[in-house]
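Novice: Let the hints inform the model, and build the full structure from the sequences given.
Which chain is which? The protein sequence lines are P and H, in order.
Under the numbering used here, the final residue of the first sequence carries the number 266; numbering is consecutive throughout.
Under the numbering used here, the final residue of the second sequence carries the number 237; numbering is consecutive throughout.
Derived from the structure by calculation, the hints contain no laboratory data.
A hint or two may mislead.
[As the list claims (entries may be wrong)] Reference excerpt, derived from the structure (chain P facing chain H, CB under 8 Å, subset only): (1) Val-3; (2) Ile-33; (3) Ala-103.
[What the hints assert, rightly or not] Partner residues aside, some chain H positions facing chain P, computed with beta carbon under 10 Å: (4) Val-16; (5) Ser-50; (6) Ile-77; (7) Ser-86; (8) Val-90; (9) His-99; (10) Ile-102; (11) Thr-103; (12) Lys-200; (13) Ile-202; (14) Leu-205; (15) Val-224.
Glycine included, C-beta positions come from ideal geometry on N, C-alpha and C.
Listed below are the residues making up each chain.
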Amino acid sequence: MDVAIIDYYANNGTSFLHKAKALWKVVFTALVIASIILTNEFYMLLGIYITLVTIAVWTRLPVSRIITIAAYPAIFALIFAFAMWNGSWLKAGVIILKALTAALTMVVLIVTTPYPDVFNVLRPFLPRVIAEGLFVTYRSVFILLELTDELIKGLKVRGGLTHRKYLRNIRNFSSGIGLLLVKGFDYSEKFYGMMNVRGYGGRITTQGTKTSINRNDVLAIALGLLIFAITISTVIEKKVLEFGVYILLCSAVALVISSIYKQFQN
Amino acid sequence: MSHLHIPDGVLPGWLVMAGWILTALILAFSIYRTRSTELKRKVPLIGIISALMIVCMTIPIVPIAYHINLSVIAGIILGPAVAFVSIFIVNLIIAMFGHGGITVVGLNTVVVGSEAFIGFYLFQLFLAIIGRDSIMWSSGLAAVIALMISTSILVGVVYLSRIDPATVIGIEGGHPAEVATEANIPSQLTKGINIKSFAKTILILLGIGWLLEGIITAFVIKYVSRVRPDLILPQRA
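Specialist: This is how it looks when you write it as C-alpha cells:
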C-alpha cells in the first residue's frame with residue numbers, strides 16, 4: 001500500500017475518470033464489484049480484469065504501478081486457492097482473479113478520486129463519528145507517514161536497525177511505534193484544540209456530493225453498466241457464455257489499441 | 001493480523017450479510033457508549049490510532065505475507081468500544097486499496113475487533129493477576145492469545161462458509177462451457193475448501209506473526225507506559 005502515491009495520482013490526474021464525479025465513480029465501482037461477485041466464470045473474470053487494465057491505461061497513470069498496488073490480495077488468494085486445490089487450475093484461477101479484479105476495481109476508483117470525495121459519498125450512510133473519523137484518519141495518515149519515514153531513517157542512521165540483531169531491531173522498531181503513538185496522541189490533543197478554536201462543535205463540515213451529470217460521468221456509468229449487463233446476461237442465460245472467448249478477445253483488443261494509442265500520444 | 005483477505009464473491013452472501021449485521025450492531029453499541037463519554041474529543045484520537053494502524057499495515061513482513069495491525073494496542077489505549085469504531089474505519093480505508101474485499105469489511109471488523117476486545121480484557125486480567133510491574137508480559141501475552149482466538153474465528157468463518165446449501169444457486173442445468181462448470185456457484189468456491197489444509201497453512205503463517213505482534217505489542221506498551229503511563233490506565237475502559 002502506497003498511500004502517498006495513490007493520493008498524488010488521485011489529485012493530479014487529468015483523465016476522464018479523474019474529471020468524473022465521485023458519486024458516479026462509486027456507482028461504477030459498485031457495478032463492477034457486483035459483477036465480480038455474480039460471476040464465477042474464469043473467462044468472464046479475465047475479461048473484466050483486462051477491461052479494468054484498459055481503463056487504467058485511459059487514466060494516463062503508470063499502469064504497472066497500479067497493477068502492482070492491486071496485486072497484494074493475490075498473496076492471500078493463493079493460500080485460499082491452495083487450501084481449495086482439487087486439481088483444477090480453473091478454480092484456483094477464479095479465486096485469484098476474483099481477488100485481483102476486485103482489488104483493481106477499488107484501486108482504479110481510489111487513484112482517480114481523492115479520498116475525501118469518496119468519504120463524502122459514503123457520509124450519508126455512515127454514523128457521524130465514523131464519517132468524521134474517516135476524514136481525520138485520512139489527514140493523520142500523511143502526518144504519520146512522514147514521521148515514520150523520519151523515524152526509520154533515524155533508526156538506521158543511529159544503528160537502531162542492523163543486520164542479524166533481530167530482537168534488538170524489534171525492540172527499537174517497537175519503541176519507534178510507541179513514540180509515534182505518543183506523538184500521535186499529543187497531535188490529536190493539539191488537533192482537537194485547533195478544531196475547537198475554528199468552531200468545531202462535533203461536526204466537520206464538508207462540501208456536499210455533486211449529483212449532476214456531465215459526459216465524463218456518463219462514460220463512467222456506461223462502462224460500469226456494460227460490464228454489469230454482460231455479466232448478468234451470462235448468469236441469467238448460460239448460452240451467452242458460448243461467446244465468452246469473443247468477450248475476452250474484445251477486451252484484449254481494446255487493451256492493445258489503448259496501449260498503442262497511449263504510446264503514440266507519449 | 002487475522003484479516004480475512006478474502007476476495008469479494010468467494011464467501012456466501014448470507015455470511016457476508018451476517019458480518020455486516022453483526023458489525024452494525026456492535027458499532028451501534030460502541031457509538032452509544034462513545035457518545036456517553038466525550039465524542040468530540042474522541043474523534044481526533046480515533047483518527048490518530050486508525051492512521052497508525054494503517055501506517056503499520058503498509059510495512060509488510062515479506063516472507064510470511066504478514067503485517068502488524070496494532071489492534072490489541074488500539075484496544076488497550078482506546079478501550080474496546082472506541083477501538084471497534086477505529087478498526088471499522090481502518091478496514092473501510094484499506095479495502096479501498098483492495099486489501100481484502102470491500103464486501104467482507106463487516107466480517108473483517110468482527111475478526112479484528114475481537115482482537116481489540118479480547119486483548120483489552122486479557123491485558124486487564126493479566127495486570128490484576130501478575131501485577132502492574134509486568135505490563136510488558138501482560139500486554140505481550142494478551143496480544144498472542146487475542147490473535148490466536150481471532151485466527152480461530154477466521155478459520156471458523158471459512159468453515160461456516162462451506163456448510164450452507166441455501167446459497168447454492170443454479171447448481172444444476174446444462175452449462176455450455178463444461179470446463180468452467182465446477183467454478184460456477186459462489187458457495188462452491190468455499191464448499192470445496194479443505195479446512196484442515198487451510199487451517200494448517202494459516203496457523204503456520206500466522207503463528208510466527210502472533211509471536212512477532214506479541215513482542216511488538218509488549219515493547220510498544222512498555223515504551224508508552226514509561227513515557228505516558230496515563231494512556232494505559234485501567235479506568236479508560
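Novice: Decide, hint by hint, whether the structure agrees.
Specialist: Right, here's what the structure says about each hint:
1. Hint on P:Val-3 holds. Least Cβ distance to chain H is approximately 7 Å, under the 8 Å limit.
2. A distance limit of 8 Å between C-beta atoms decides the matter here; for P:Ile-33 the minimum to chain H is near 6 Å, and the interface restraint holds.
3. Evaluation of the P:Ala-103 hint against chain H yields a held restraint, the C-beta minimum of about 3 Å falling below 8 Å.
4. For the restraint placing H:Val-16 at the interface with chain P, the shortest Cβ-Cβ distance is roughly 9 Å, inside the 10 Å limit, so the hint holds.
5. A hinted interface residue such as H:Ser-50 counts as satisfied when its beta carbon comes closer than 10 Å to some beta carbon of chain P; here the least separation is about 4 Å, so the hint holds.
6. For the restraint placing H:Ile-77 at the interface with chain P, the shortest Cβ-Cβ distance is roughly 7 Å, inside the 10 Å limit, so the hint holds.
7. The interface hint given for H:Ser-86 is met, as the beta carbon of that residue sits about 7 Å from the closest beta carbon of chain P, less than 10 Å.
8. Hint status for H:Val-90: holds, given a least beta-carbon distance of 8 Å to chain P, under 10 Å.
9. Hint status for H:His-99 relative to chain P: holds, with the closest Cβ pair at about 6 Å, below 10 Å.
10. Interface restraint check for H:Ile-102: the shortest CB-CB distance to chain P comes to about 6 Å, inside 10 Å, so the restraint holds.
11. Using the Cβ-Cβ criterion of 10 Å, the hint placing H:Thr-103 at the interface with chain P is satisfied: the shortest such distance is roughly 7 Å.
12. A distance limit of 10 Å between C-beta atoms decides the matter here; for H:Lys-200 the minimum to chain P is near 9 Å, and the interface restraint holds.
13. Look at H:Ile-202: its Cβ gets to within about 7 Å of chain P, closer than 10 Å, so that hint holds up.
14. Among the interface hints, the one on H:Leu-205 holds; its C-beta lies about 7 Å from the nearest C-beta in chain P, closer than the 10 Å criterion.
15. Against a cut-off of 10 Å between C-beta atoms, the interface hint on H:Val-224 holds, since the closest Cβ of chain P lies about 5 Å away.
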